[in-house]
Amino acid sequence: MDFGLSEEQTLFQDTLNSFLTDQVGLERVRRIAGGEESASAVWAELAELGVSALLVPEEHGGVGLKPLDAAIAAECLGYHATPSPFLGSAVMGPTALLLAGGQGERLERLAAGELRIGIALGEAIAARAEAGVSAADGKLNGKALYVLDYGADEYLVADSDRGLHLVAAGDLEHQPLSTVEKTRPTGELVLKDTPAIHLSADPDHFQAVLDAGRVMLAADTLGAAQNMLDQAVAYAQEREQFNRPIGSFQAVKHMCAEMAAHLEPCRAMVWYAGHALSEVPEEAHLTACHAKAHLAEVGTFIARTATEVHGGMGFTDLLGLHYWFKRIGFNRQALGAPELVREEAARAQQLAA
Amino acid sequence: MDLSYGAEYEAFRAEVRDFISAHRDQAPKGEGMRSEKVLKWQKLLIEHGYAARTIPEAYGGFGAEPDVLTSRIIAEEFANAQVSPGLGGQGISMLVPTLLEVGSEEQRQAFIPPTIHGEMVWCQGYSEPGAGSDLASLRTAAVLDGDEWVVNGQKIWTSTAHLADWIFCLVRTEPDAPKHQGISFLLFRMDTPGIEIRPLVDMTGTANFNEVFFTDVRVPKQQIVGARGQGWQVANSILRHERASLGDPNIMLSRLNALIKLMQSETIDGRRVIDLPAYRDRLMRIQGRVMALGFNDMRLLSARINQKDASLAGMVVKLQGTELRHELEQLGIDAMGELGLAYGKNPYLRDHGNWQTHYMYYLGLIIGGGTSQIQKNIISERGLGLPREPKVAAKAAASA
Numbered sequence: 486m487d488f489g490l491s492e493e494q495t496l497f498q499d500t501l502n503s504f505l506t507d508q509v510g511l512e513r514v515r516r517i518a519g520g521e522e523s524a525s526a527v528w529a530e531l532a533e534l535g536v537s538a539l540l541v542p543e544e545h546g547g548v549g550l551k552p553l554d555a556a557i558a559a560e561c562l563g564y565h566a567t568p569s570p571f572l573g574s575a576v577m578g579p580t581a582l583l584l585a586g587g588q589g590e591r592l593e594r595l596a597a598g599e600l601r602i603g604i605a606l607g608e609a610i611a612a613r614a615e616a617g618v619s620a621a622d623g624k625l626n627g628k629a630l631y632v633l634d635y636g637a638d639e640y641l642v643a644d645s646d647r648g649l650h651l652v653a654a655g656d657l658e659h660q661p662l663s664t665v666e667k668t669r670p671t672g673e674l675v676l677k678d679t680p681a682i683h684l685s686a687d688p689d690h691f692q693a694v695l696d697a698g699r700v701m702l703a704a705d706t707l708g709a710a711q712n713m714l715d716q717a718v719a720y721a722q723e724r725e726q727f728n729r730p731i732g733s734f735q736a737v738k739h740m741c742a743e744m745a746a747h748l749e750p751c752r753a754m755v756w757y758a759g760h761a762l763s764e765v766p767e768e769a770h771l772t773a774c775h776a777k778a779h780l781a782e783v784g785t786f787i788a789r790t791a792t793e794v795h796g797g798m799g800f801t802d803l804l805g806l807h808y809w810f811k812r813i814g815f816n817r818q819a820l821g822a823p824e825l826v827r828e829e830a831a832r833a834q835q836l837a838a
Numbered sequence: 052m053d054l055s056y057g058a059e060y061e062a063f064r065a066e067v068r069d070f071i072s073a074h075r076d077q078a079p080k081g082e083g084m085r086s087e088k089v090l091k092w093q094k095l096l097i098e099h100g101y102a103a104r105t106i107p108e109a110y111g112g113f114g115a116e117p118d119v120l121t122s123r124i125i126a127e128e129f130a131n132a133q134v135s136p137g138l139g140g141q142g143i144s145m146l147v148p149t150l151l152e153v154g155s156e157e158q159r160q161a162f163i164p165p166t167i168h169g170e171m172v173w174c175q176g177y178s179e180p181g182a183g184s185d186l187a188s189l190r191t192a193a194v195l196d197g198d199e200w201v202v203n204g205q206k207i208w209t210s211t212a213h214l215a216d217w218i219f220c221l222v223r224t225e226p227d228a229p230k231h232q233g234i235s236f237l238l239f240r241m242d243t244p245g246i247e248i249r250p251l252v253d254m255t256g257t258a259n260f261n262e263v264f265f266t267d268v269r270v271p272k273q274q275i276v277g278a279r280g281q282g283w284q285v286a287n288s289i290l291r292h293e294r295a296s297l298g299d300p301n302i303m304l305s306r307l308n309a310l311i312k313l314m315q316s317e318t319i320d321g322r323r324v325i326d327l328p329a330y331r332d333r334l335m336r337i338q339g340r341v342m343a344l345g346f347n348d349m350r351l352l353s354a355r356i357n358q359k360d361a362s363l364a365g366m367v368v369k370l371q372g373t374e375l376r377h378e379l380e381q382l383g384i385d386a387m388g389e390l391g392l393a394y395g396k397n398p399y400l401r402d403h404g405n406w407q408t409h410y411m412y413y414l415g416l417i418i419g420g421g422t423s424q425i426q427k428n429i430i431s432e433r434g435l436g437l438p439r440e441p442k443v444a445a446k447a448a449a450s451a
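These protein sequences, in sequence, are chains A and B. Every position in the first sequence, counted from 1, becomes a number in our numbering once 485 is added. Every position in the second sequence, counted from 1, becomes a number in our numbering once 51 is added.
It should be emphasised that the hints constitute simulated quantities derived from the structure, not laboratory data. Please note that a few of the clues may not be correct.
Footprint (simulated), chain B over chain A, 3 or more residues, beta carbon under 8 Å [stated by the list, open to error]:
1) 486 to 498
2) 719 to 729
3) 750 to 756
4) 820 to 829
None of these values were measured; they are calculated from a predicted model. Cβ coordinates follow ideal geometry from the N, Cα and C atoms, glycine included.
Using the sequences and the accompanying hints, generate a full structural model.
Laid out in structure tokens, this is it:
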């Protein structure tokens, strides 16, 4: 028995972390978030490390690894608040294409980092007013709001019956939507008899793609929250008031302890949820729901508390702590807010109608 | 990630299951710990290696090599079968490991065999009215008079004092040494003249604990574990055992299942409580947290087997486990509303009133065994490396 990461996985984690530390530090994140630099170069560099190819089978030019490996990558990207289309292009896109079958050519381009797939599943999770997608005769109509990884070449769209479709960005109207989180672009799609490739009508496929995406968001929050905790601890050791480090005051050290106490069990939870996606299918959906919702709650607590440990400096743009604060806030709402996801968890156990 | 225990261990699991189904009619069900049935069952378990498994044969144990997984399998199978896993208590869980580590050969032979067989019951004399979180400031004194220690002072929170034959007790033997170096670890009989036990009724209405008073209690000189002044180190190794055992996520899981059942049977205006979204969401929130602690527990188990470091994951268990358990019990009460207040003799009582009992008892456990605040000091100082709080100047100097 070994509940944890293998040596290879730890090595992969270390490699990715040191690449991101060296090459995609906060200053570069700032430039990308501010629109002074494109995020495309980061994705090309990550593709060279194999991040875009993790879940693509070797026969299609990929690395052929498992969702747990992707969750490790997601945690690293969250830790560094890295702008990248990882969720759609490295996880949810390939997962959908693999389930659909017969998409070898697209998988090859995804693995090479040459194809980017954005995610438009929001309406099938919780449709807001004026949004919703219907499918008929190979064409899609309606509107998809809050598309993740906006700016892609193609979009994975779910219709109101949870069928999965692929549309080309060139075949539809779309526009970016400004949000509080600048490291991951969002937009809307307007579909008017838009030609679509029908990938799957099986709601289980929709669910599998969604579960994978939710575990990745949970892992991203795990990384982002760990970074905020690390920054808070470092700041509490260094910052002095009343002639002593603020971290020697129980009021402050207990805030740090509470963050660690909530976050540390999340690590095992994310590992298991990632593992279950491919290895324990009967538990995959429930653990994905709980990992998503629980990490959202713990992340929110840490985003707030770590900022408070920094006092006034935490509130400024100077430290850049807010990039992680907003990233965690984004992950909480994307692909289902905690209340919605917990209700799904209840339904999965026949505890709710 | 490899979650299988492996074929060898699954074969062992089958053995345990066979044993349980062949012998379950002999297992005690709520008999007192001194009853013949309990003592016989304990003996049978030791003979088969399901109790006192790793205690050397020379001390009456089964003598197996320590193995985290076999212990876990035994615990799982007895729990699943709802059959008594044998005796517990502070003597078996805390004193015996300590004697194995630092006791003399004489002490091991004298105390371990009767303790593991349930013939010698122990209580723990650590906390005092003036020494709670700051345990090392304890003042119960032992002074050497010829071949005997003479003990004077008071202990509190001594849970099984009224049932115990013996006590393992922290006393101050070196009043002039720094506080951590002046403590010794004594063993003595609870029927020694000069010991008075007073039950301490707590908020649950039951005396779960006692106060114990010592007046000129005479203890043979050799009944000390470790050297004079080393009692603090001895005690600390035991406290680590205690913390790890509070907040066990597997017990929490069965309690969560009881909560789900309760919410499926209780109704409000004819609707099951679980069908009301506000209550259901609270249940799901708690389930998510229970799940996280369960996976954390698997990680800790694995870290012990594979000798990996997971120290922070271990430090958070007592804090998280007891706080979560208290919240879980609270939801049970809330699900019943006014009915949840029923306690004692009341025709509308649910589950013997144990939701209220556990709700209060777990508040006690948030405080006991190292308060939540002490846990946070440990996590932040030892886990995160934050500086200790500067020492306040001694009281005497300030008031002089």
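Hint check:
no.: 1; hint: 486 to 498; verdict: holds (count 6)
no.: 2; hint: 719 to 729; verdict: holds (count 3)
no.: 3; hint: 750 to 756; verdict: holds (count 6)
no.: 4; hint: 820 to 829; verdict: holds (count 3)
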